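Participant: Sequence:
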Amino acid sequence: MTHIYYCILWGICLILAGCIRDDAAYGEAGIVTGDTLPEFQVELDNGSMLATSDLQGKVSVLVFFHTGCPDCQQELPVIQQLYDLYRANDSVAIYCISREEAAEEIEAYWQAHGLTLPYSAQESRSVYNLFSGQGIPRVYVSDKSLQVYSTYSDNPIAGLDELTEDVEALRMKNKE
1 MTHIYYCILW
11 GICLILAGCI
21 RDDAAYGEAG
31 IVTGDTLPEF
41 QVELDNGSML
51 ATSDLQGKVS
61 VLVFFHTGCP
71 DCQQELPVIQ
81 QLYDLYRAND
91 SVAIYCISRE
101 EAAEEIEAYW
111 QAHGLTLPYS
121 AQESRSVYNL
131 FSGQGIPRVY
141 VSDKSLQVYS
151 TYSDNPIAGL
161 DELTEDVEAL
171 RMKNKE
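For the sequence shown, the UniProt record's numbering assigns the number 1 to the initial residue and increments by one for each residue that follows.
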């Protein structure tokens, strides 16, 4: 009889242990509003290098994506519209950084969908993991001092109105 009680107790412990969740392991922790952008350096599709320091003094929008992700497929055209609005504005920087995707796949997707956004193909998660542990798309809007003003993920994805409001709020703040 004692053996049955131990088995039941052990089963309850296993069930309860399964309910405990370390948020950092599931990507819910990471860069959040108010944090400073982490130090990173990536090569862009045109061969130039982009580092965190290049974003200093600008409003920046960084987008982590994978072209096979359905939510990213919805988000990328929105980011393209935002890019089209600000591409001539030197005080705004918009870049896409892939998560585990080769340049050839991204280039084919960009061509098939008429995208002109600058991107960095990352075949690993090393840069992505500086920002988050899980989930794409991830959008980070930061101010001229590299402080994150807003973040967006897949639920819901960022809309053009929201992103434009964020960028404009930071542009106005920069003029003060």
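A hint or two may mislead.
Here are the simulated DSBU-like pairs of lysine-lysine, each with C-alpha atoms no more than 30 Å apart in a straight line [unchecked claim]:
{"#": "1", "residue 1": "Lys173", "residue 2": "Lys58"}
{"#": "2", "residue 1": "Lys175", "residue 2": "Lys58"}
{"#": "3", "residue 1": "Lys175", "residue 2": "Lys144"}
{"#": "4", "residue 1": "Lys58", "residue 2": "Lys144"}
{"#": "5", "residue 1": "Lys173", "residue 2": "Lys144"}
Calculated directly from the structure, the hints in this document are not laboratory data.
These numbers were taken from a predicted model, which means no experiment stands behind them.
Participant: Now tell me, hint by hint, if it's right for this structure.
Facilitator: Checked hints:
Taking the CA atoms of Lys173 and Lys58, the gap is near 11 Å; set against the 30 Å cutoff, the hint holds. At roughly 11 Å between alpha-carbon atoms, Lys175 and Lys58 fall within 30 Å of each other, so this suggested pair holds. For a cut-off of 30 Å, the pair hint linking Lys175 to Lys144 stands: about 11 Å separates their Cα positions. For the hint pairing Lys58 with Lys144, the CA-to-CA distance comes to about 4 Å; that is within 30 Å, so the pair holds.
Taken as a hint, the Lys173 and Lys144 pair is honoured in the structure, with Cα atoms around 9 Å apart against an allowance of 30 Å.
The structure fails none of the hints (numbered hints given earlier).
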